[in-house]
Amino acid sequence: MTAPAHGRRIISVKGHTMDNPIKTLQDKKSYLDLRKQERVTLLEVLDRALTKGVVISGDIVISVADVDLVYLGLKVLLSSVETMERLRGAPIVGPMQEPT
Amino acid sequence: MSLYAYAIIDSTVGVEESIKGLSGAPVYTIPYRDIGIVISDLNAQIQKEDKKSVLKHEEVVEMLMDKFTVLPMRFSTLFSGKEQVLLMMKNYYDDFIENLDRLREKIEFGVKTIWPGDLIRERITTAHRKSDNLPLVASSSGKSFMNEKFENYKIDKEFEEEADRCIAIVDGFFSKFISEKRLEKLKTDNLLLSASYLVDNEKRDDFKKAFEELKSSGGDLKYMLSGPWPAYNFITLKHSGDGKFGGMDLVETVLQHKDPEEKDEK
Numbered sequence: 001m002t003a004p005a006h007g008r009r010i011i012s013v014k015g016h017t018m019d020n021p022i023k024t025l026q027d028k029k030s031y032l033d034l035r036k037q038e039r040v041t042l043l044e045v046l047d048r049a050l051t052k053g054v055v056i057s058g059d060i061v062i063s064v065a066d067v068d069l070v071y072l073g074l075k076v077l078l079s080s081v082e083t084m085e086r087l088r089g090a091p092i093v094g095p096m097q098e099p100t
Numbered sequence: 001m002s003l004y005a006y007a008i009i010d011s012t013v014g015v016e017e018s019i020k021g022l023s024g025a026p027v028y029t030i031p032y033r034d035i036g037i038v039i040s041d042l043n044a045q046i047q048k049e050d051k052k053s054v055l056k057h058e059e060v061v062e063m064l065m066d067k068f069t070v071l072p073m074r075f076s077t078l079f080s081g082k083e084q085v086l087l088m089m090k091n092y093y094d095d096f097i098e099n100l101d102r103l104r105e106k107i108e109f110g111v112k113t114i115w116p117g118d119l120i121r122e123r124i125t126t127a128h129r130k131s132d133n134l135p136l137v138a139s140s141s142g143k144s145f146m147n148e149k150f151e152n153y154k155i156d157k158e159f160e161e162e163a164d165r166c167i168a169i170v171d172g173f174f175s176k177f178i179s180e181k182r183l184e185k186l187k188t189d190n191l192l193l194s195a196s197y198l199v200d201n202e203k204r205d206d207f208k209k210a211f212e213e214l215k216s217s218g219g220d221l222k223y224m225l226s227g228p229w230p231a232y233n234f235i236t237l238k239h240s241g242d243g244k245f246g247g248m249d250l251v252e253t254v255l256q257h258k259d260p261e262e263k264d265e266k
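For the record, the sequence lines run as chains X and B. Sequential numbering from 1 applies to the first sequence in my numbering. Sequential numbering from 1 applies to the second sequence in my numbering.
Be a bit skeptical, because a hint or two may be false.
[As the list claims (entries may be wrong)] Simulated pairs of lysine to any residue, SDA-like, Cα-Cα distance not exceeding 20 Å: (1) 238(B) <-> 51(X); (2) 56(B) <-> 41(X); (3) 238(B) <-> 58(X); (4) 181(B) <-> 127(B); (5) 82(B) <-> 62(X); (6) 187(B) <-> 58(X); (7) 52(B) <-> 57(X); (8) 51(B) <-> 51(X); (9) 67(B) <-> 90(B); (10) 90(B) <-> 41(X); (11) 20(B) <-> 59(B); (12) 238(B) <-> 41(X); (13) 56(B) <-> 51(X); (14) 20(B) <-> 67(B); (15) 82(B) <-> 51(X); (16) 82(B) <-> 57(X); (17) 51(B) <-> 41(X); (18) 238(B) <-> 42(X); (19) 181(B) <-> 209(B); (20) 52(B) <-> 59(X); (21) 56(B) <-> 42(X); (22) 20(B) <-> 55(B).
Simulated from the structure, these hints should not be mistaken for lab results.
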């Protein structure tokens, strides 16, 4: 069994820190772009983890109600689209989170 | 105390190094036959909208991706004890094996396509109104009402046909590099396509190149690539536990859950 090659990981987004002061407009623009991308990444995670994957139903699990998760998923989706549309004017660089 | 489940893996041993999960609890593996389920103990009830918990869930799953074939659990799957976990593993074993075999060495990419759906709909509507010489404001008569209905139907149909045409073009960029796909069309008017693609690990770079070609293809569509993800969108459970109950599946599930004394083999 061979492990998947390293690639994007959500952890890389969490690596962003506030340590470096923003001194120039370019810094600020990069910071805002990064924050936008972080937000979209979060929404992509929510979209998957909240509604997809292995779904075990029935008395055997204790879980939040399926209905609540679906509603939450729908709210996430609408937020996701709104956020992506706000990114229309911003450069969309893909792949989004591939390590450089 | 509950047992929180992160993922099913094709290993009975799990990771060697310590991974911290929700509430900082160590993650461990409960084996069942030749597979395992990755768990941590949880004292507190998870807040439904706790985004930190979801990110932590994803972080654990992605660490597992480095070493194993992973079937990610949906967020907030909890069991009251080890017996319930093993009962579930027994019930779902065949499903898990099928999925692990199918998803081995594969990763998921997401491609979202935004188009100016509101403008396109407006353009189609205007073109229809002009060509059919219909008044822009419907009168109150029944005949006009039916005409209006039919007109809206034609506009919707043309809008969908335009969407289908664009989706086929976008999807066509990736067809050579994927083994499965899930396409969701027009979740909203402006989200033309939300696509998930299952890609062999060895074709990952080809897939990303195809995305770059798509981006360079021109037009006023916007694209976003995300991934690689654990294969959230490609889990298929024949067992009724996928949430869709009905008929014999429901009967079978109820009967299984009514037998808590059953002892499970490891």
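* **Hint check, failures only** => Going through the list in order, the structure violates hints 4, 6, 7, 9, 10, 12, 15, 18, 20 and respects the others.
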